[in-house]
Structures are given as C-alpha cells and as structure tokens.
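Peer 1: Given next are the chains, with one letter for each unit.
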Amino acid sequence: MRRLLSGIILCTLLLCGGTLAQEKRYKVMMILFRGTTPAETGFMDHLSSRLPVEFLVRDVAGERRKAQEFVEEARRERVDLIYTFGTSVTLEVVGATGKIDPAVHVTDIPVVFNIVADPVGAGLAPAFGATGRNLTGVSHLVPMADQLRAMQRFRQVAKLGVIYNASEPNSRLAVAQLRGLVGQFKLQLVEEAIISGPKPEAAEIAQAMRALIAARPGFIYLPSDSSLIERADAIVDLARPAGIPIISATEGPIREDGALMGLVSNYANAGAFAGYKAEQILRGKETVSNIPIETLRRFTLVVNMTTAVQLGVYPPLELIKIAELLQL
Amino acid sequence: MKDLQRRLVVLVSGLLLLAAVFVSYRAGEHFESSLTQRRLGVETEIGRSVAVVVEKALAFGVPFDQLADTERFLEAVKFDNPGVDYIIITTLDGRLRYSTDLSQISNAAGLRGALAAWNGRERTAHIGKYFNTATALNGKERQLGWLHLGERANIIEQLLRDIVFDILTVVVVAMLVTFELMRLLFAATFKTPMLAINEFFTRIANGDFRRTLARDLFGGIGRLNRSINATVAELNTRARGRFADGAQMPPGFSFDLAGERGTVRAIAVENIRWSFFLLIFAESLSLSFFPIFVAQFYDPAFGLPLHVVIGIPITVFMLAWALTMPFAGTWCDRVGYRLAFSVGAAMTTIGLVLTAYSTSLADLLLWRSITAVGYGIVYVTTQAYITVFVSTEEGTQGQAMFLASFFTGSLSGAAIGGILVDRLGFSTTFLLSAGLSATAALYVLRALGNEIGRTVARKSLLLADFKALLRHRHFAIVTFLSAIPAKVALAGFLYYSVPLYLKGLGYSQSITGRVMMAYGLAIILIGPMVARLADRARTRRWRFIMLGGYAAALAMMVPLLVENMKGAVIAVIGLGVAHAIGVSPQMTLINDRCGETIREVGQATAVGIFRLVERIGTITGPILLGAMIALSGFMNAFAVLALITFATTTLFALLLWWSDRATGPVDIA
Amino acid sequence: MAWLLSARRSAPLWLRLGLPISLIIALAIGFISFLNYYNYRKTYQQLNVARIMVVARDLRQAIESGLNVGLRPPNNTQLATALTIAKGHTDGVRFAVVIDEAANKLVEVGEAGAKQDWLRRLQHAGEIVSWLGEDADTYQVGLPFRNSFGVIVGAVVLGYDKAAIDRATAAMEFTLFVDWIRAVALLTALTVLGIWWLTRGLESELIQAERALAHALADAPAPDLRFPVLGEEIARGIPEFIVRSRAAAVELEKNTSKSVQ
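Chains as they are written, first to last, in this note's numbering: chain A, 1 to 328; chain B, 1 to 669; chain C, 1 to 261.
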C-alpha cells in the first residue's frame, strides 16, 4: 500500500515538472555504528563526485536499537537509499533472511551495507551474490583463500597455527573458513582457542601461544578479532623468539605490533565500492535485488620488513615488487 | 644460337640472384646497428625495472645473499620478455649469485668468466653470442652487485627470416618475368629475323627477287636486312630500268616491277606470347585482394551472407569468360588474330579502368563482365594462334608454352599484386593493370602481321559447329575423359579443397598461397621439358595424356598417405607435374585427329568450343568436392576424385588404343 | 662502311638487350629493398614500443598499488617520483601523464599536447591492457588502470618523441635508396658488360656478314664465311644469295645487251 502511494506521488511529480526530475537531489541516509570511518568517507566521496546527493548521517553510537528511529526517519523523509555500517546495524535495519518483519525492517527502500565481515553467517543472505531482496553490500574482509594464497607465495608452509577467541563470531568464522581450506592448500591446521570470553587475560593468551608454538607451525594466523588485536603485541612477542611469523587478517598488528604480513583491504575502497553499487541503484542502471554482495577484488599485501629482518624471513622478490613494505 | 641464348639466360639469372642477395645483405648490415641499439634500449629498461625491485629489497634490509626466490622472479621476467635469453645477478666481484636457467645458453662457462672479469666501464658488451646489458645494484650505502641481461646477437637474422619468403617470392617472380622478356627479346633479335632471312634466301634461290625484308628495330640479326634489301633494291631498280626499255625478263627470275615492296615476315609466336603474358599478369594483380575489394561493396540489405556476395563477381567473371570463348573463336577466325587480340585487350583495359572506379556491386559486375569478355577473346586468340603457327612437330611444346605463359603471368601477377596493393591501394593497382593491358594491346598491333588462320572463316557460330566437334569420336574422348576430369581436379581439388583443407589445419592464407604457387611452378618449369618428349613421341602422344591422368590420380591420393601440410604440398606439386605432362598434349591430340572438322569449323572456333566444354569441369569441380567433403570429409572426397580420375584415364587409354588398333595410327608428318 | 652506318643509326645489340633486362632487375631489387625497408620500420617501431611499455607497466602497477591502500594518484608521492624518473631517465619520453576516467589530467610530468584522443580510448577500453596512439609530435602508449573493484578509473599515458623516430626511419629509407641506385648501376654495368661479352662473337660475325653483303654485287670473290654463332644456314645462305644476286645482275646485263642488239 505504502509502495503504491509512493509510486503515484513520484509519477505525479515527474509528470508535473520534468525540470524537477533533472535537478533532483538524491537522498541517502547513512546509519553508522560508531561515527564516521574511512569507509564512509570513501562512500560519500564516490557518490558525491558522481551524483547530486544529500546525505543524512545518523550514528547509533554503539546502541543498535537506535537504528529503529532512523529507519522511521528514513521512511518519513522518503530517502532513495540507506547505507548501513556493520553487521548489527544492518541486521536491525533489514533483518535476517527468513525473519523479516515489514513493520520493523525496511523492505521497500534499497539498502547497501558496508563493513560486514560475514553477511552469510549473520543471516543477511544465504550466500554471496544477488540477494533477491532490497539488500546488497560490500564485505570488507579479504577472502580467506586469497589470504592463504598470499601466505603460500610468501613462504610455502605445511602447518598453520591459529589463535582465536571462541566467544567472538569473527574468530569462529575465520577458523571455520580455515578448516574448509586445509584440503585445497594442503595445510595442517593447529588451533588454540581462548574460551574465557570477550576480554581474555594475558596469561591465557600466553598459554595458548605456547601450545601453538610447541607445534612448530610455519605461520600463525591472527584473525580479525578485536579482543585479540588488542593483545597483538603480546602475541607477536611470544612468537618472535621461536622464529614463527604472524600472518594477520588486519593491518593494525602488522603496522603497530610487528606481525610479519597480511593481505588486507582498505576501508575507503570498500566504501567506494559500496558507493559504486549505490550509484547503480540510484541511476536506475540495476535493481538492488540484482546487485551481488561482494568483496573487493584487489587487496594490499602489507609486510613489516623490520620483523622480516629480525626473523630472517624475507618476502620473495615477486612480492617485494607489489607489496607495501613497512619499516618501523 | 641456342648456346648463346642459354649463356645469356644463365648470365641474367645469376645477376638477378646476385643482386637480390647483395641488396638484402647490405640492408641487413645497415639495419644491424640501429636495430641492435633499439633492442639494447629495451634490455636497459628491463634491467632498470628489475634493479628497482632488487634495490627495494636491499633498501629494506634484506641481505644481498638472502634475496628470496630470486630465480623464480628472474624467470618470470624472462618469460614476460621473450627477447631476453638470460638474467644474471653477480656480486660486485663478478661471482654469479642468482640467475635464470643457463642450460640453453651457449658457452655458459665463457659467460661466467666474462662476467667475473666485468670491469663495469661499459654498460653493454658483446659476450660470445650475446649482447649483455649491465645495471648496477645498489644497497643502502654502496653498490652490492651487478644485474646482467643477455639477448642473442642475431636480431637481423630473425628479422630477415620473417621476410625471407617474401623476398624469395619476389626473386622467383622476377626470374619468371625476366625469362618471358628474354624469350621475347631473343625471338625478336635472333630467331624471327633469322627465320625471315632464311625464307628470303630460299625465295632468292628460286629467283624470286620481288620481296623485301622488314625494317629491323632490334639491332640483332635483323641488321643484315638493310644490306640484303639494299642489294635487292639495286637489282630491282636495274630490272625496272631494263623493263622500261622494253626488254624481257630473264627466265627463272622475277622482280618487283610495280614497286609493291611486299615484305617477308617471319611469324614468331613469342610476340603473342609476351602480350598474352602481360595481359594475364595485369589481370592477375587483383587476384589476391579481389575478395576484400568486393567486400567493401557489401550491404547486409542484400539479404545474402558476405561470402556468397563475394563469390558473385568471381562467378560472373568465370561465366562470361567461358561463354565468350566459342563466339570469340568464330569472330577471331573471321577478322584475324591481330585485330581480335587487340580488341580483346582493349576491352580488358577498359574493364579494369572502370573497375578501379566502381562504386557499387552492380557497377562492379558490369565491368567485370566486360573484362571477362576481353579476357576470353584474348585467351582463345592466343591459343589458336599458337596452335596454328607452331609446327605440328612441336605442337605439344607450343601448348606447353601457352600454359607456361598463362601460369607465369597468373602467378607473378598474384604475388606482386598482393605486395603492391598494401602500399598503393585498390584503385591505383587496377589502373596499373589497365596500363599493362593497354601495353599488350599496343604491342600486338605493332608486332603481329595481319595473319588469318589457315582455316575457313565462318560468319558466325552455329550450333552445328558444336555438334560437329562433339560428335567426333576423338574430340569427345579427349574432352570428356581427359580435359574435363583435369579441370575438375584443378578447380575442385586445387582451387577449392586445398585452401579449405589447409585452413582447417590452421595455416594462414599467405602460406596457402605459397602452396598453390607450387602447382604453377611445376607447370612452368616441367611443362615445356616434358612437351619436348611428347612431341618426339609423335603418334603416341596420347600416352602422355594417360600418364598425366594416372599421375594426377596418384597425386590426389597423397594426402591420405602423408598427413598435414607435407601431404598437401606433395599433392599440389604432384598434380602440377601430372598436368604438366598430360594437359598440353590434349589440344595437340585434338588437332592431330580432328583436323578435317577443325578446318571446317575454324581453328579458333574449335579452341573456343573446346575450352567452353572444358569449363563443365571447372564448374562442377568445386560443387562436387564441396558436396563430398560435406558428406564424408576431405580424405574420402580426395579418394573418390582420385578414383574418378583413374577410371576416366583408363577408359581414355582403352578407347584410344582400341581406336588406333581399328583404324591404324594417325600419321602426322 | 655498312657497319658504320648501322652503328650510327641504331644502338648496339648489347645495349638493346641489356637495358630492358637491367630494367627488370632494377625493379626486382627495388621491390626487395621495399620489403626490407618496411620490415625494418615495423621492427624499429615495435622495439620502441616495447621499451616504453616496460616503463609504463611499472607505472601502472605503482598506481594500482597506491589505489589498493586508498591513495589516489594525485596524493601518491611515490608515483610522482616514479613519473619524474620515467620522463627523465627514459630516452625520448616527452611526457608521462596520469588521467582519470574522464581524461582529466591528475598528474602530469612533461607536456602533453592539448588535443588528445584519450577520452575516446578510455570509453572504448573494454578489456584491453594497453593502446598505441599518437598525436602531432609524439607516439603514445596508454595503459588503463583499474580500482580495487575492477572498474577502469583512468590511464597512464607515456608520449615519446615522434620526430626522432621518423627521422631515423627516413634516414634508413634514404640509405636503402642510395644502395639501390648503386646496385642498379653496378648491375646494369655488369649486365650490359656480360651481354656485350657474350655477344661479341655474334657481333663480329654480323659485321663480317654485313661487309660481305655490302659487296654483294661487286667483283670480289664470294666470301667463305664461317659462323659458329650465327649458324650453318646463314653461313651458306649469304654466299648463295651473293651468287644468285650476281647471277641475276649478269642476266639483267645480258638482256640489255640483247635488246640493244
């Protein structure tokens, strides 16, 4: 009913004044989680350089329930598109597949999400690709296969260790993906889980690391898990005497804590990609239900050369050519 | 004289080859330094690009000795740049530290030694078979090593190898054209005046002082004409003086009293042969690019696919050409060879000029028809002329000469045309063709006398003429059991199937063109030689036709035995040899055995009719082969064709042998 | 006497034969030189392209690496350095320019001419990896680059000096032409000389024959001619002609004297 009404009003507007349509400024609402990140900057830069857009920026500031207010505002303002940041906000706005409540969730306005690590695991879509509903978006994570490929190009290893926090979905996701790829990459996976909760103690981490190191893996994988990333310096310091390099899913530990390498993506680029999808929707080039959920296609290989020198583990020249080398 | 001619031919061929080699060698020398420099420029950039990566690693603290996976990186660079033969990284004192695989490098040990002794002053150097480019590898504070890139120093070799076939083609064509020209020059300088003088002397020996010799333009033996004429003129003047005084003529002598000055002229078929060659050459210039030329007039609005539309002008040409020939023959019998040829060549000229300016498909078809009519007239006229004016003892050689001229012109024209059109464009090339064709017309007007064939001239072509010939046993046997199958093989196998077959194997069009040339070369080179043997065989000339037929059948079986390109080439050459043996005697045989009928019908008419009926083979060949290939593939089609040829040849031989048994061999004095 | 006359009126045999043949040889080697030149030119240009392409590829990779970390070309200082080095250290490079997908210049080192076809190239880029182009004074190599989600967002274009290359190939053209003239001169001389040499015998026999024929009606005895080149027939035929002609002359005299009587 609501859709029909909006449709009639839109048509009338178009019929009444063609010039109105030409000078139309698109309205995009952005519902953020904790303020503006480079992802949003990338999104806004991309869109505003291509279309006349008015951004309504709203921040739940950590309180996911607040998203509901903004949804209602979006409906009132009749925005053309909604941008959401992060898994929790997106779930609040559009709901998980199969659990959509039209009263609460947005079903008639296109929604483009960004910086969602695991859209499938979160229930936003059954798989990557087109969702068939008013949802599309960008996952900023680098596909695990690409990361492992980068790792093997760096140094062929037979055994990979992974430390993860069992209570964090991102961690569990990473481990699940690793398990699924051991056959393809001919790896033996050694797992050590932190089970105490979202804020693990240093001692627990040290114990997990010692167990991992004892297994003598070629690399230790550090997932995109904030609870572990906070302790990255400890993790790296424990591994270094044993000469075991750390591969990190995010850039921070490499740049700041001495992890050796990682294949990372860039928030701004993810934002630009989301903006690209938004542009297609707003221009009418493609409907939101047909635009696939994707990751970026090109990533950056980051290598901490100080660590490399310390460990005596050097990147092959092929990678040196294209990598981002850090010396700290 | 023959000796002299042979020596001149050797001289000219030798000079031509010498010239070609000399010019190409010099060109290579000129190219070497500038192209090598360019090549080294590329190597320098590659070296710099690699050095940047290595220095990046060194700058970030990787020790020189521990650069990781360097070999793989160098191999990747080498792979991306096929001109590079090796990449070597040495320490500062020249020890080899990392390199690509050196197993294929000639004298790797010598290379290592040279690099060890590298003094760093020259950036590029010639080491053994390679050019070596060096780039410094700098660490944080000082140079740590050298990066050496090597490429084989044979760039010119590679360059020339690319065009060696083109150069060969030009040399072959130049030789063919030179030989044609030389034949003409020799005939005009030596043979023709010699014949004229000898005939004149014979008349003089019989007391006939009435004629004079033609004015000589070539400065050869004809120089004697002047002195001879002077003597005869003197005698005639005296005779006229005496006659005016009322005296009687001495018995046994006759003089030119009325002052008519009739000329004795020798007939040299070389004249018409050269013009014929020029014309065929002119028309063939467009052979290689004609489909592309037609394609530019294509409009999807025609409703027909492109390749069908392209085929239409070619079909129209063939049809017009074929249909013209009998009519042209009768006309030629009536008006004489000189006029017929000139008019035919003129029509071709006009047709070519108009083709150069055609603006639509309809235009093109019209002009091509005109060209084809002219072509047909010239073709029939030339063959008839040769048939008539070459003695029966040398009949087959005459026919072989005709075919050789045709193929020389066709081959040379196609080859040169392809090269020209790239630089000059369609219109200019057509106009050039027209110019050459006009030259042929003018030359014939100048060089041919008003000879009319020694046959009865008919008013116009009658159906009865066809019937008369076709009903003649020997005509039918030769035409249907030898000539037509040969044309089926030519059009169906050579022109239609072989290009398709080679294309299916993945070969480019230029390679296909070269393979096809082999057929023409066989005809040109072997035809005249074999024809001499055939003429010596006289009454048993038909055996050569039989031999040719079997050889053709054998040739077409070859692709079934030898695979791929090799099989195709052998088959094409084999077919060329087979036709060189078997096709020339066909016309001779017809002349020998159907002499009466031919005299009734007219020589040129007979030629025209023969050629037209022969076209049945040219037309059905591709269709037949196309159907067979579509039904059961190339190999089976070739086998069937070979079988058909075998069968018709056998029948031909049997019938002829039986006919000879029955009536006794036809004696041709 | 006779041969003097004929020599004055017409060019000698060896020349008449030699010149047409020399012409064909000249054309043939002209063609070959033509082919050689075109091959040279093609290779020369290809080598230049290859050289510039090495540099251009590295620049593109630098741009794309920058994009990966969110550095757009104008903000990528390493890129600016690389472009400057490219122009400064690569022979013949006039400019190195990075453009965006609307063909606006983002970074420019050196000077590119105003009118370029870059926008059209970008719009029809499709899947191509590079294009080759030119303007009035440069040959150009253009490499489109893509952002991290695979969309073409610009290109790096290097332009190198046209005049130098055209000069070099024109110089080679001239060199080959001069060579051709030299070869033609040499070969014409050789051809004509060779033909002269080979036809010497013929020439002298012709002179003999002419001399004999000039005195056909004179009183001198009929010559005994041997013509190894011209052949038996003429060697016999000329004396027979002379004999016959003299006989005719005698007969004509006889009649006269008869009639007078």
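Since the hints were made in silico from the structure, they are not lab data. Values in this document were obtained by computation on a predicted structure and should not be read as measured data. Beta carbons: idealized from backbone N, C-alpha and C, even for Gly. Among these hints, one or two may not hold up.
[Claimed, not checked] Taking lysine-lysine pairs in the DSS-like style, the calculated list, with each CA pair at most 30 Å apart, reads:
(1) C:Lys162 / C:Lys105
(2) B:Lys56 / C:Lys105
(3) B:Lys56 / C:Lys162
(4) B:Lys129 / C:Lys42
(5) B:Lys191 / B:Lys2
(6) B:Lys2 / B:Lys78
(7) C:Lys162 / C:Lys87
(8) B:Lys503 / B:Lys467
(9) B:Lys78 / C:Lys115
(10) C:Lys115 / C:Lys162
(11) A:Lys99 / A:Lys66
(12) A:Lys27 / A:Lys285
(13) B:Lys78 / C:Lys162
(14) C:Lys87 / C:Lys115
(15) B:Lys56 / B:Lys191
(16) C:Lys162 / B:Lys503
(17) C:Lys105 / C:Lys254
(18) A:Lys99 / A:Lys27
(19) A:Lys159 / A:Lys186
(20) B:Lys2 / B:Lys56
(21) C:Lys115 / C:Lys105
(22) A:Lys66 / A:Lys186
(23) C:Lys87 / C:Lys42
(24) C:Lys87 / B:Lys78
(25) C:Lys87 / C:Lys105
(26) C:Lys105 / A:Lys285
(27) C:Lys87 / B:Lys140
[Said to hold, decoys possible] Here are some chain A residues the structure puts well away from chain C; computed CB gaps all over 12 Å:
(28) Thr36
(29) Asp108
(30) Ala242
(31) Ala323
Peer 1: Please go over all the hints and tell whether each is borne out by the structure.
Peer 2: Hints and how they fare:
1. The suggested pairing of Lys162 (chain C) with Lys105 (chain C) holds, with an alpha-carbon distance near 22 Å, which does not exceed 30 Å.
2. The hinted pair formed by Lys56 (chain B) and Lys105 (chain C) meets the criterion: a straight-line CA distance of about 29 Å does not exceed 30 Å.
3. For the proposed pair Lys56 (chain B) and Lys162 (chain C), the alpha carbon gap of about 33 Å is over 30 Å, so the pair is violated.
4. For the hint pairing Lys129 (chain B) with Lys42 (chain C), the CA-to-CA distance comes to about 25 Å; that is within 30 Å, so the pair holds.
5. Distance restraint check for Lys191 (chain B) and Lys2 (chain B): the Cα-Cα separation of roughly 10 Å lies within the 30 Å cut-off, and the hinted pair is therefore satisfied.
6. Our distance criterion of 30 Å between C-alpha atoms is broken by Lys2 (chain B) and Lys78 (chain B), whose separation comes to about 61 Å.
7. Between the alpha carbons of Lys162 (chain C) and Lys87 (chain C) the distance comes to roughly 15 Å, so the proposed pair stays at or under 30 Å and holds.
8. For the proposed pair Lys503 (chain B) and Lys467 (chain B), the alpha carbon gap of about 43 Å is over 30 Å, so the pair is violated.
9. Only pairs whose Cα atoms come within 30 Å are accepted, and Lys78 (chain B) paired with Lys115 (chain C) is rejected, the gap being roughly 37 Å.
10. Of the supplied pair hints, the one linking Lys115 (chain C) and Lys162 (chain C) holds, its CA atoms being roughly 16 Å apart against a limit of 30 Å.
11. Restraint check for Lys99 (chain A) and Lys66 (chain A): satisfied, since their Cα atoms lie roughly 19 Å apart, inside the 30 Å limit.
12. Between Lys27 (chain A) and Lys285 (chain A), the direct Cα distance comes to roughly 17 Å. Compliance with the 30 Å bound is thereby established for this hinted pair.
13. Of the supplied pair hints, the one linking Lys78 (chain B) and Lys162 (chain C) holds, its CA atoms being roughly 29 Å apart against a limit of 30 Å.
14. About 20 Å separates the Cα atoms of Lys87 (chain C) and Lys115 (chain C), which keeps this hinted pair within 30 Å; it holds.
15. Restraint check for Lys56 (chain B) and Lys191 (chain B): the C-alpha separation of about 82 Å exceeds 30 Å, so the hint is violated.
16. For the hint linking Lys162 (chain C) to Lys503 (chain B), the alpha-carbon distance of about 39 Å lies beyond 30 Å, and the restraint is violated.
17. A threshold of 30 Å between alpha carbons decides the hint, and for Lys105 (chain C) with Lys254 (chain C) the separation of about 111 Å lies outside it, so the pair is violated.
18. Taken as a hint, the Lys99 (chain A) and Lys27 (chain A) pair is honoured in the structure, with Cα atoms around 28 Å apart against an allowance of 30 Å.
19. The suggested pairing of Lys159 (chain A) with Lys186 (chain A) holds, with an alpha-carbon distance near 9 Å, which does not exceed 30 Å.
20. Of the supplied pair hints, the one linking Lys2 (chain B) and Lys56 (chain B) is violated, its CA atoms being roughly 79 Å apart against a limit of 30 Å.
21. A threshold of 30 Å between alpha carbons decides the hint, and for Lys115 (chain C) with Lys105 (chain C) the separation of about 13 Å falls inside it, so the pair holds.
22. Between Lys66 (chain A) and Lys186 (chain A), the direct Cα distance comes to roughly 46 Å. Violation of the 30 Å bound is thereby established for this hinted pair.
23. Annotation: proposed proximity of Lys87 (chain C) to Lys42 (chain C) holds, straight-line Cα distance about 24 Å (limit 30 Å).
24. With a C-alpha separation of about 25 Å, the suggested pair Lys87 (chain C) and Lys78 (chain B) falls inside the 30 Å cut-off, and the hint holds.
25. For the hint linking Lys87 (chain C) to Lys105 (chain C), the alpha-carbon distance of about 16 Å falls within 30 Å, and the restraint holds.
26. For a cut-off of 30 Å, the pair hint linking Lys105 (chain C) to Lys285 (chain A) stands: about 28 Å separates their Cα positions.
27. Proposed proximity of Lys87 (chain C) and Lys140 (chain B) is supported: the alpha carbons are some 24 Å apart, at most 30 Å.
28. At the 12 Å boundary, the C-beta of Thr36 (chain A) stays outside the reach of chain C, the nearest C-beta of that chain being 15 Å off.
29. Distance check for Asp108 (chain A) against chain C: the nearest CB is about 27 Å away, which clears 12 Å, and the non-interface claim stands.
30. No Cβ of chain C comes within 12 Å of the Cβ of Ala242 (chain A); the nearest lies about 31 Å off, and the non-interface call holds.
31. At the 12 Å boundary, the C-beta of Ala323 (chain A) falls inside the reach of chain C, the nearest C-beta of that chain being 8 Å off.
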